[in-house]
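Chain B: place on chain A using the hints.
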Amino acid sequence: MDIISGILAISLYEGLIYGLVAIGVYLTFRVLGFPDLGVDATFPMGGATAAVLIVGGVNPFLATAAAFGVGFVAGCITGLLNTALRISALLSGILIMVGGYSVNLRIMGGANIPLLRNVSSFDLFGEFLGLQGLTLSIAFAGVVALFIFLVLNWFLRTEIGLSLRASGDNEKMVRSLGADTNKNILIGCALSNGLVALAGALVAQNQGFCDVGMGIGIIVMALAAIIIGEGLLGNPKGITAILLCCFVGTFAYRLFITIALRVGLEPGDLKLISSVLVIVVLGIPYLRKRLRGEWVPPASRM
Amino acid sequence: MSGLEGKSTLELKDIQKVFNRNTVDEVNALNEVNLQVNERDFVTIIGSNGAGKSSLLNIVAGVFPPERGGKVLIHGHDVTRMEEFKHARYVARVWQEPEVGTAANLTIEENLSLALLRGWRRGPRIAINKKRRNQFAEALSQIGLGLEDRMGTQVGTLSGGQRQALALVMATISTPSILLLDEHIATLDPNTAQVVLELTDMIVKRDQMSTLMVTHNMDLALRYGNRLVMMHKGKIILDLSESEKNRLSVSDLVSAFTRAAGEEFTDDNVLLSDAESAT
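Sequence order for the protein chains is A and B.
By this note's numbering, the letter at position 230 of the first sequence is numbered 230, and the numbering carries on one by one without gaps.
By this note's numbering, the letter at position 165 of the second sequence is numbered 165, and the numbering carries on one by one without gaps.
Don't read these hints as lab results, they were simulated from the structure.
For glycine and all other residues, C-beta sits at the position ideal for the given N, C-alpha and C.
Wrong hints could be hidden among the right ones.
Computed cross-link-like contacts, DSSO-like style, restricted to lysine-lysine with a CA-CA straight-line distance of at most 30 Å [claimed, not checked]:
#, chain 1, residue 1, chain 2, residue 2
1, A, Lys-237, B, Lys-130
2, A, Lys-172, B, Lys-131
3, B, Lys-245, B, Lys-86
4, A, Lys-172, B, Lys-233
5, B, Lys-131, A, Lys-183
6, B, Lys-130, A, Lys-183
7, A, Lys-237, B, Lys-233
8, B, Lys-235, A, Lys-289
9, A, Lys-183, B, Lys-86
10, B, Lys-245, A, Lys-172
11, A, Lys-271, B, Lys-130
12, A, Lys-271, B, Lys-71
Over 10 Å on every C-beta distance to chain A, these chain B residues come out as not near it, computed from the model [as the list claims (entries may be wrong)]:
#, residue
13, Ser-48
14, Ser-113
15, Gln-154
16, Glu-198
Here chain B stands alone, though its shape is the one from the complex:
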């Protein structure tokens, strides 16, 4: 097991989530999920559509609570029933769509200023001062897109890749304990996706935060991070350590999936990304 010696940043105990209970649309999105994420763990999460990956991230972020009986612990504190904006003190997130992680009508520096105060009381003080501006420029210069020279620009005028890079900086500028990446490169073109992915790896290594990265791409899941979790139908069916992971190829992963899920592998999405990564 990876890093049992480290302290656990996030602990999920007996997590269950049911949507539309007692209707024909009832879905058991998460079922008996137990997960312990240690300090500096970079966990990649894969699984087919409906596997429960997004529900898992939503529960960690506090968007909705799990069913009674489940517990979410961050640094040992029970945050299960805390509101989302209180989770934000520990948990940052980058979504699939750049529009969700940034505010289009505000400028780059205004967006960063909002992000800088994650988990702090917002008071009647001017939000942007010289010291903060320097801090923003410093953070932006590290991603190498030249955004530090355009801090007064409306975010809505940036390209998708620039906005996603900004969203990544916004998620990490206040060095949260846990970073959630929800297929954050899925909507970007291949080149931009690669740039954002490398930025992600650089920032995660630099700030050493515990990271959960959801992806559909098995190749990425193997190449990045020190731990791999595979989900299927609301359950964690594989949890591989760094050494186990390093020995696997994409086709090993597919057969591992088939074995662990105990059924034929028919999901188009996973097959597709499998095929893509093979080319």
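Okay, chain A solo, but in the shape it has when bound:
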């Protein structure tokens, strides 16, 4: 495989897997207007849950599903902190992010768990189809991503899904139309964190270990991917386009990262690159307006 197709293949795999994280973050940040930073903890939580269960002899597919469940519950807690205890959305997420770190250490019983000697869901899938290596990774990630895409593409068009989308748009209206917006926030946060944990479980199995620090900055990565996707697809509004935008944006972002690594940047630099990317993309439109002498409203704190 030559270098270019190699880079493209790796980015494709990562675009599919981390695209699930981007969708999760899109659900909270964009759809619900709920900036949930808790995904930094629920990503490794999914990895930890799957890893511990697989090491304990549980079927890897079941372990992966359990990871989704654990993330789902963690998301419910984030939502409850906001809806039941009236803690601000931002702080609710931060509390789960910080508290979740300790939970993850407890789940794993240490800072990391090696999985290389165990049979992962990738291995089982590969055995079944006779695939291996990067082809297998892409195929399995593709199947999972397609499944999630189809489910969400349906769910967000249902009566519940529509009322969930409207909750982020105009909460006052949704309540006046007889829908419980608190319930919608709970469903949205749970689904979001479930998806992120699912991605964490798949990443841990594919890389052969789970590390407690693997979620640090995942929120910024997801935001960068979403912003890039929106730029590439021209601020999509339809559900199908939005879901595609998350995958496309993540693919483009990972492609960028993979190339940056090839030209000599260290893996440790990646978080800075993500941050700078988000700063540039969010900051430039404002600076451009200032240069054109346009009036810009004062900075918002939320």
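Relative to the frame of chain A, chain B by itself:
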């Protein structure tokens, strides 16, 4: 009294509402309010700023409950402590700002679909199907703005008047028992306001729901509805039946207000709309 023979749709008993209790900002927004609204009543509510009109609507809609001791009955059921989204089964509302009654990032048909399920359990079923789409087109065609041909349009791209007309259709598509209109034409330009007002009258007469319309405009309050309620400092100071109302002019209303309130009439807002309606 108007329509004592009809069944009462809404009953407010001993409603009191105090904001910021025990602080320097304490406000007695509603004080001993008792109101019985019968089936098919179209009540116009007038009053100066701070009279308690919006607080009254908020209590009917369940946005907040009244102080202990007060009761809100809808069709005889006590809904006083029920959450807002449960009130929605009976009560629909159109706000002053079109942005509040509609969701900007969703399409016209998505907004209508949300509104159609008022008071129903929202399930894992596709929200928009052919049957519902036809129902939406039918409802939209009656308001004559051509919105039925633009059902896939994002609501945020519509004009204020179009959005308010849509908000009105959304409030009434599921035929609620009570319709609350909270100065719903106040932010529209005069022509659009007239169009939306006529639509309102048409829909209220067609669906025969009990309606409470808050307005600052005394002329409108006299021209529309079959009953007029005037509020002042948290109290209902006038409650006129259709026949009483029909005999009054705007200046009669102003002097009635002055008498009933027992004090000089100094509120700019009411004077202003009074002057406007006189021209």
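Review point. Which hints, by number, does the structure contradict?
Key: Of the numbered hints, 3, 7, 8, 10, 11, 12, 14 and 15 do not hold.
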